[in-house]
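Engineer: Sequence:
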Amino acid sequence: FCNVHNILDGTTGIEPEACEKDFPNIVKCMADGRNHVPCCEDKGIPDLCQDMCRGEYTPFTDYLKSRVSCLTHTLSGLQCILEGVRKLPSSPEKVYAEAVTERSLEIGWSPPAKLPETVTSYTVNITTLHSFDEDSVADRTISTISVNVPKEKTSTVINDLKPFTMYSITVIANNNQGSSLPSFRIRALTLDTGRGKQNSVAVVPVLPDVRGCCERQGLSHRACLDKMCDPKKTDFTEIPDLMVCAPWANITFSCLTNNMDHSPCCKSRGIPNLCLPLCSGTVTTVDSNLFKCLRYMSDYSSCLLQGYGVLPGPPSRLKAPLVSSHFAILEWNPPKILPDTVTSYNVHYRKLSSGEEYSVKQKERPPLILEGLDAGHYYEVFIVAINAHGKGAPSSRLVFRTKFKENTEEIQQTYNMTECCSASGLLPQCMPLCTYNVKMSDIQALTATCQAQMGVLARCAAGGRDHTPCCTRRSVIPGCVSLCRGIIPPALASADCLSYAGNILQCLEEGTGNIPGPIEDLHVTSVTNSSIALEWVPSEDDANNTEAKVIDFLVQYGKVDNMTMYETVLKLDNEINTTETDIELTGLDPLSIYRIHVVARGMHGTSLPSSMLLINTTRQDLSGTIYGTPSPPHSLAVTGHSATWVTVAWQPPEFSHPHEAITYQVYHKPTTADKFKVTETRLLWTRLTNLKPNSQHIVYVKAVGAQGTSLPSETLVAWSDPALPAFVDPPTIHPSDIIAEGGSMTILCLALGNPAPTISLYVGGHLVRQDTSRHMVTIIHNVTTDMEHVSCYADNGYGIPMQASRKVNISYPPRIQASRITVAHLGEEVDLKCMVKAKPVPKAIFWRDHDGRIPVIQGGNYDMSLVSDENDPSMYVMTLHISKLNPTDVGDYFCHAENALGSNTAPVSVRVRNSPAIHNISECCVSQNVSSTCMSACSFYIDIDAVIDRPECIVDFDKLMKCAADGSDHRMCCANSDVPRKCLDWCRGEPVGAGGVCALQYTRTIIGCFQSNRDRLPGPPQNLAATIMSESDVLIRWDPPIKNPQVVDGYRIFFHEADDQNDLSNKGGAVGANRLDVPSTSVKISGLKRDVLYELVAKASNKYGASVLTEPIKFMLGDHTMTSASQSNTAGTISGIIAGILAIVLAITAILFYKRRKAGEKSDNGVAFENPSYLRGIERVQIPTVTTESSASWRNDGSQPSSGGTPASGNPVSLTDTNSVVPMATEVNPSLYEELKLGHEGAGFKRLVS
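Sequential numbering from 79 applies to the sequence shown in the numbering used here.
In short, the hints are calculated from the structure, not lab data.
Don't be surprised by glycine CBs; every beta carbon is placed ideally from N, CA and C.
It is possible that some hints are incorrect.
[What the hints assert, rightly or not] Subject to a maximum C-alpha distance of 27 Å in a straight line, what follows is the list of computed BS3-like cross-link-like pairs (lysine-lysine):
#: 1; residue 1: LYS229; residue 2: LYS165
#: 2; residue 1: LYS143; residue 2: LYS99
#: 3; residue 1: LYS414; residue 2: LYS441
[Claimed, not checked] For each label pair, taking beta carbons as the anchor points, the in silico distance ranges come out as:
#: 4; residue 1: LEU761; residue 2: THR152; range: 52 to 60 Å
#: 5; residue 1: GLN529; residue 2: GLN774; range: 51 to 59 Å
#: 6; residue 1: ASP639; residue 2: GLY665; range: 14 to 22 Å
#: 7; residue 1: PHE242; residue 2: MET681; range: 34 to 42 Å
#: 8; residue 1: PRO194; residue 2: PHE242; range: 50 to 58 Å
#: 9; residue 1: GLN529; residue 2: GLY842; range: 36 to 44 Å
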């Protein structure tokens, strides 16, 4: 691009965009300091494209009006440049300016480097500046002086200038072919050059020999001599230096002061009193307080040098002869002491009341222009003179205030585009586009929102003026020229005119300032057969605008017929100009229709018609004024359609006042209807809704202005689409492979149909979103596992709605539920299980030590498996099977599972089951008075087969079962094993009425329950006792059971009122019982009655069942009566004898039946409690839980529960810790139906633990 011929031939070999940042320098070099503008003007290059002819390049910015299209003029501009570099001189060089006096400047230069011999003269331009800001090039000028100088001279003196004023100076070289570009701009200030001028610097005085002084007094330490005996280096003194040189402090500071007292200088520079001994030289010792003076060593050094007489004094007579709003000129006189040694000055200044530090500027000599000041503020200034030894004393302070900022804003434009947009109904969100400085970024952001209102923006931008001549002059293509009249061409893509946007916008902005505005209030005052009288009002915008002064008005009129009256024509057949604001058109044809409009004409162009009149030349008496109306809307078109709606858009009237608020009336009807429906809108489009599918409609539009309604636009016939039922595709889900729980997924629902269907998105069965569209994108955050099912449902009111679903594979890291602690005997098989829920399939392993990553190895004594659940594919059972439990296998294990989303670990443990103490069955049999012939069944277990065939032992079966039950209640296990109700009392060691039948059929089942619950069920509590606390309170205590105390979950206490002389079993169900569940081995019962005998029992329980009841205790409040739990119960004994006799009779019958059925089938070995294999193969069926009234027998565990487990009315009970009540198993009575079916022979039980 640095070769013009490459550009002309198109052989640059690189795209221009790649070098755009270098174009300013390339174009500058191309022009080569020559002014090619006259040539470019001769070739018709518009002013917007002449920057290249001046060696300038205007890059595109975000502002739309900077996007000027000059492509068609590039060749002509390059041709001018090629011609100019051969004929025109380059710019003068080395321009300088010096102040001669306060009112004159001497300006000089060197001849141009190119074609200096062709120069015929020089032109010196001197411009008075308003500001001294050197960063600004285009300052607002006050006046410009041009002086022509003959070619023989290269300098000139300009006189009659203003003192203390900044001037901008350029020089131009002229020859017979043209001129050069202006030289580089320089600036000069008119001042007295003799003031403060100094031609040479005198020799500075010599410093005293401080080092020699120290040496003469005996200081030989080299470091102390270098730093503490040199006044120029005291500014660099640090704490280590003072500490090292402390022994010689009296020598060093005495020699530094040179036997002088510098205290006045130190005080004037703000050195505190603590440090004044340094200035007087009286320091004898160095302590920590002296370290605080190090920050003042710079001022201390200056005072020493000032005391030696080698520093200049303070500058004098500081003043500010000129103070403006943003700058000030400072002057001062040299110091009176050693003025000839001064090499420069430091100017210290700061804004007062701001807390700012002093800023410093250095200047060789006065004056100084202090720039960048804030308007209307006070500033403080002082000057310090500098010579070879350092800084002298500061001058006096000068305080001045800058002037307040002048109102330099440009005069407001007479035309206000924003007011036009507001009056025309532009949407508020589109207001950023209503400016000539509109930005491309705003257009891109608001195009979709404001597309329908681009007509309003174009009309207001034109401002009712005809900018066509300017646009034509600036090479706007014909297809876009209508934009210069505020009309958007409908058939042209916006991209075609975008490249000319800068050309058009600049024409619009310039034209609204120098072209008259449209006339207002055009109306008819009279009409005859041959004449029409008109009046109007000029634009108010032109009243104060001298640039847009109206020269005259053009009245255009022409005859139209019923066909041409609807056309909008810019220029009519007849035209009359007038300087008045009224006119009478004569010589018209009678009974004819005339179209009339009026425009204002100025020096730079004409306005557009603000309205038009259609008048019929018929003699008539006007009852009212006939006003002009807008021209009809045009370019009516269908921009969107569906089965039930049609969108119609149009362009605004070409002739209307820009500030006129226009509304539109849309007339529409089906072709089969008789009357039109009218819809009003302020927008340039409307949507006709509630249409029938596949129907034809007629549409036209009228514009309603402030003074009337326009003619109708062209008529449009539109069809609505045929209806199509909704169709929806299965939802598209992203990501499609793995969606992690807690993550996000994007769901796309695509639907077809006409009209557009309403799409509903269901996730996990819940409606998430609904929208009327053909595609709907939804992002679901924080995905959970219940969102697997995604459905898209579409319905448009036609046909059958459609739904499409998809199952989403939501993945999540493993979740483990472990079996915790497993108890087994050594040598038994053990299964450690963990339930793992994960997706995708996890990898599983058992660890012995999770931290140490010690795994369990498959094989040998261990077998690991991972099995999926048939009902839930994401659920897995992780099992470690230990074939034979060894002591080394006891301990903790860890279930570990992991997949791509994470891992989890849960502990499981194996513990050795503590073998219970061997229960001596023989002792129990002896205590129960088992007959000697049946004692063979009693050893360490009950060998039922040893006595089952002995009829004489049937009567002892109740006793044998009591010993086998071992104090636990196994009725739950027996009931689940289908043991009939009449035999269930054996399961808790109580006698049954039908002992023979139970012995023959269910003995082994009952024994199996004893065996399986041997380590699960507890025995009864021990040492139950009551302690009377008061007349209404009693404390019940007991000890844990001997059998399996570790499995106890809680205790259940029963108590009720009892007669001291009668047994509780005789009461039946007449007396209610109270029940308490407690977790500990004591409970306090409150609210008891005085002088009433209470009876109380207890049992231990857990989730598998309970123990048998303890022996009852009795107590009475008042006299503190206590009855032992070992009292005999004669009624119970008698009942036992009767039950035994009945059992013998039934047993004899049962033996005969049993021997016939079981002959020869006796087992060689008895069934021991310790033999768990006996229970194998027994089918367990859960029996229903039933409820009935209680018979209230303590021995039968009878009690009448009160509501909610609280004591019966009148006997409130309070626990010592109400929050620690343990929920117990519920005990229920048999139903009435079961009582009738089984009879009341005493078989069965009163409560069943469920």
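Engineer: Take the hints in turn and mark each one as holding or not.
Structural biologist: Here is what the structure says about each hint:
Proposed proximity of LYS229 and LYS165 is supported: the alpha carbons are some 17 Å apart, at most 27 Å. Only pairs whose Cα atoms come within 27 Å are accepted, and LYS143 paired with LYS99 is accepted, the gap being roughly 20 Å. Of the pairs offered as hints, the one joining LYS414 and LYS441 holds, with about 18 Å between alpha carbons and a cut-off of 27 Å not exceeded. Between LEU761 and THR152 the C-beta distance comes to about 42 Å, which lies outside the given range of 52 to 60 Å.
At about 27 Å, the CB distance of GLN529 to GLN774 disagrees with the hint of 51 to 59 Å. In this structure the hint that ASP639 and GLY665 lie 14 to 22 Å apart at CB holds, the actual value being about 19 Å. The hinted window of 34 to 42 Å between PHE242 and MET681 holds, with their beta carbons roughly 41 Å apart. For PRO194 and PHE242, the Cβ-Cβ distance of about 36 Å falls outside the hinted range of 50 to 58 Å, so the restraint is violated.
The hinted range of 36 to 44 Å is satisfied by GLN529 and GLY842, whose Cβ atoms lie roughly 40 Å apart.
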